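Q: Chain by chain, the residues run as shown.
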Amino acid sequence: MSSHDVMPDMDLYQPVQVEDAISLAARLGDRAWLLGGGQDTYGWLKDRAKTTEALIDLNGIESLRGVRETEDGIEIGALTTLTEIATNPLINENYSLLSQAAGRVASLQIRNIGTLGGNVSQDVRCWYYRRGLDCYRAGGNLCYADTPEGMNREHALFGASRCVAVNPSDTAPALVALEASMVINGDEGERILAAEDYFVGPAIDIESTTALREGEILTAVRIPSTWANATFYFEKVADRNVWDFALVSMAVAMKVSGNTIEDSRFVCGAVECKPRRLLEIEAAVNGRSHDGASAESIAATASAGARSLAHNQYKMPLMNNLVKRAIESV
Amino acid sequence: MTFMHIGKDFVPPDVEGKVTGDAKYAEDFRREGMVFARLLTSPMPSARIVSIDASAALRMDGVVGIITADDLPPSAPPANPMLASEYVTYIGQPILAIAAISEHIAENALAQINVQFERRDFVVDPLDSLVEGGPDAYPEGNAMVLTAPEGDENTALVGRIQPVKWKAEEIAKFRRGEEPDGDFTAGWEYGELEAEFAQCDVIVEESFVTAGTPHQCMEPRTSMVYWENGKCYFHASTQSQSSVNNGLAAMLGIDPADLCVINENTGGGFGSKGTSYPTMGISGNLSRLLNRPVQLRITREEEFYIGIGRPGMQGWIKTGLKADGTVAAVDLIIVSDGGPTGQNSASSSAGHISVLFQPAAMRLRNIPIFTNTAPRGAQRGPGQNEMAAVLAPIMDKAANQLGMDRVEFRRLNAPNSDSGIYEAQGPVTSAFMAQAIDKGATMFDWQNKVNTPRRRGNKLVGIGVGQGYHGAGGYGYDGLVRIHPDGKIEIHSGVGNLGTYSYASTSRTVAEVLQCDWDNCQITHARTDRHLPHSSVQGGSNTIFTHSRANYAAAMDALTKLKEIAAGEFGGSVDDYSIGDERVFRTDDSTTGMTYAEAAQKAIELGGRYSGAEFPDDINPITQRAVAGIAGTGLVGVAKDNLERKGTPPGQIVGFVEIEIDVDTGKIEVMDYVAVADCGTIMHPQGFSQQMNGGGVWGIGMAAYERHVYDPQNGLPANVGLYQSKLPSMLDVPANMATAAADIPDPFNPMGGRGIGEPSQGCAVAAMTSAIADALDGHLFNRVPVTPDMVVNHLAGNTVNSVPLKLNTF
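Taken in sequence, the protein lines are chains A and B.
Under the working numbering, the first residue of the first sequence is numbered 1, with each subsequent residue one higher.
Under the working numbering, the first residue of the second sequence is numbered 1001, with each subsequent residue one higher.
It should be emphasised that the hints constitute simulated quantities derived from the structure, not laboratory data.
Remember, it's a predicted structure, so these values are computed and weren't measured experimentally.
Each hint can be trusted.
Straight-line Cα separation of at most 30 Å, BS3-like style, residue types lysine-lysine; simulated pairs: (1) A:255 to B:1459; (2) B:1397 to B:1318; (3) B:1024 to A:46; (4) A:46 to B:1018.
Only chain A is shown next, with the shape it has when bound in the complex (with noise of 0.2 Å):
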């Protein structure tokens, strides 16, 4: 376990046009690494603890960038970078929580650089799996954070299979509350993924958090008018305000009238390997009307049917604290 600071051998391509990008991902398959921003890819091949043949760079076909209106929203090229994000006036105006989420993420340096699709379809956290360790989700035969001994703070509570490893994307849970949807082409054309399923759970693909298939580009993400100017809250909690993952987040948006909270989406992140739907938080606050007393008593639902591991039950009050913070703020 030598570690190291060069690159290892690979080839490179640079395409500029999204067609020659998807002819060599089909046909390079799983010999080849799409690559935006970088920032999850470098560790993983720099550690060695992943290879690839070659790297298939984005980064040339501009038709990936920018924030554009549609007939009904915007959409967002997969290449955008975050800080654009957090930036750009058309989604500030109308889709402030994605901003916020998107100004959170790591450092400002990392934003710079950091791309939308890198961020939704980037790789768990487990620091048991980033060391290359040969677990569930690298193809091995055992999980080093789900036993008695493991050292999983930051692991799930929900959607455990297997693995334990939670989605580390701080924009994901935005865009399922803002009820995004993915654009992703492949050699067989273009097929269209509502976020919340897009990201996907051990039980679904262990090897993945996205139901990307192999071949497949993420090329955009579009943003229905449907909670444009909404009432949003968005909360991340972690140990350091800047570069941190999320020990636990929450993006939520609500439509309010008056003291009512018309109808909402709660999403929670970092406590599953998927931004988590917190429907029955929902059932409870939607259409009615809401105190300070009430909140706290909904919230303290948030984690229920959580399974926690030797080190992570604080995620639950801290779940249920923020939901709690999310109703308050109305």
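Starting from the structure of chain A, add chain B where the hints point.
A: Relative to the frame of chain A, chain B by itself:
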């Protein structure tokens, strides 16, 4: 005292290079024919090396050679060997280095080397090893029994490894916060402990644990080495220029006179680069073996292992206060996590208490236990700062039980210039901690803040106070100054350039003594062959006190020689002469005299002691070689620091913190920070504030962020990088941190100064843990860091997995 230079800001000569990027570190140097070395390291925490097969790697194009332990002198455990021989005792331990014509090839070659291991049991928590039946980190045992007295933090332990075990019920008692009955291998005691406890109105007993975090130097240590005509030229990443010479020469098996250490800049050391370290020996020996220049740059991850870490502690403390608030007695047990090197700072931890709370009686019982975690060694305020972290809220608890204000309690027990410290109750040069506390309390507005409500909406408010201490100086080093015939004044300094600029600020002592223009002075440092004197390690908050004394001694020697030369020319005795405007002249007739330049020319003509052809008998051989190298080139002032001594110069700081804890998220935010030092005269205000703030940030990190986590299942470390270690960022600390000093000169330093680098961390972490306990209604975590999950669990009443005293695995 009014100074010409001391106490005023200036621009150290290396600042421009750091701003422009021109500054060169060891990695930036190249040499014709240079090859790149990379380390193959242990993937296991404990194993026997059965075989090494590097034949495939050595057949690769571009690979030029390899070095293993077979090429090096044998090394007995627990000394940290250059390369492992039969046993590896930690993940990341270097086993061999391979060299190639490019970094790329060298790294690829590592994958072609096959090492066969035989696994051994390992242990990452000292108590898991100390308990009967527990695994031992070494085949010989788990504890170090010293056969020679323990030296300072940079001194290797001398003794033998043997198994020491405690009964399971004693370990259980220890974990419950009760005094255990077990064997110890070190410790000390003074005063009548039981008699003092008998007089106490309040007695507090607590157990505690502190993590052994790595140093995280920004510059992963690099060497670039080449040999020419039997001499070794060594570009090093070191925090000490001259003090690395002898140790490195020993690693290379050469006379120190044949070693030229080159070090212009270093990207942080914090105690881990104070003396020679193993990768220096690897690169130097490999270069000689290959007869080629070799660069060895270790990776960020390797810096985690090879860069060593602070020892951890599992401890128990019983402290007793009399009705008037004086600390009567302290009984302390420390089980040290020494990693595989067994380094131990327990005596310094106990010393911290003896200095800052002045107990009438005190006892330390200690046993350092080896674990298969990363090597340990001196880190900023070794022993003292981790003790400060857990001690502050425990002392607060005692003061609160007595109904005494926490600041008043500390002021009452603060050391003064007549105080004794440590086991010998030895003297200090001077101490004005009470004055620092008074100043800090005023700046922080303690009285108002401590009486404010402890709740603001969903935030709990905590007001904390804490102290840091470190012995801040030494004696007996050499100074060397040369006045050139053109009038330039050259100050030779063997102090390293760690980034604190103290090599420059202590050099200003020479300009002060010679009353000369700073622009006419030049600091010569960074290369042994530039004729550098024997200087102390740049660590341990030493430099300000130690080297302003040494430079003062050399400058006074030069001054005397200037006056002797002038008296020889113009008659009278040295007492008849004064200096000014870089001239030496008759006091009664300033027109009769000569310039420094003219005096330097005359010194060359006179030779002997004036030109450095002769030198004092008591200077170090390193300085003797330096003087010999410049003899005959000017007026040479050289002297050993034989100035009056009086015990330990204490570096002390009191810190004040206001925090808010979010009751929903557990996040701790620092709202206000004030630190006031008792460090004598401030020599360089910008350097002072840099140290105070830098240490303060690290103290905040130690209190609330930096984690040290090992997986007990397979001994893997979790936080091998800057990201995982969670060093605080600029958004986690206050934008403004107020600092000041009591500013009372130390009488045992001609410039009045003492160092403050180390206690600046200790006071901050102590104030933070004091504030955290204050915000949480006196709750003691008795460990650091206190992270959001711990706070949320506490407020929610979660008690899962709260096994007390777990170390490296919580």
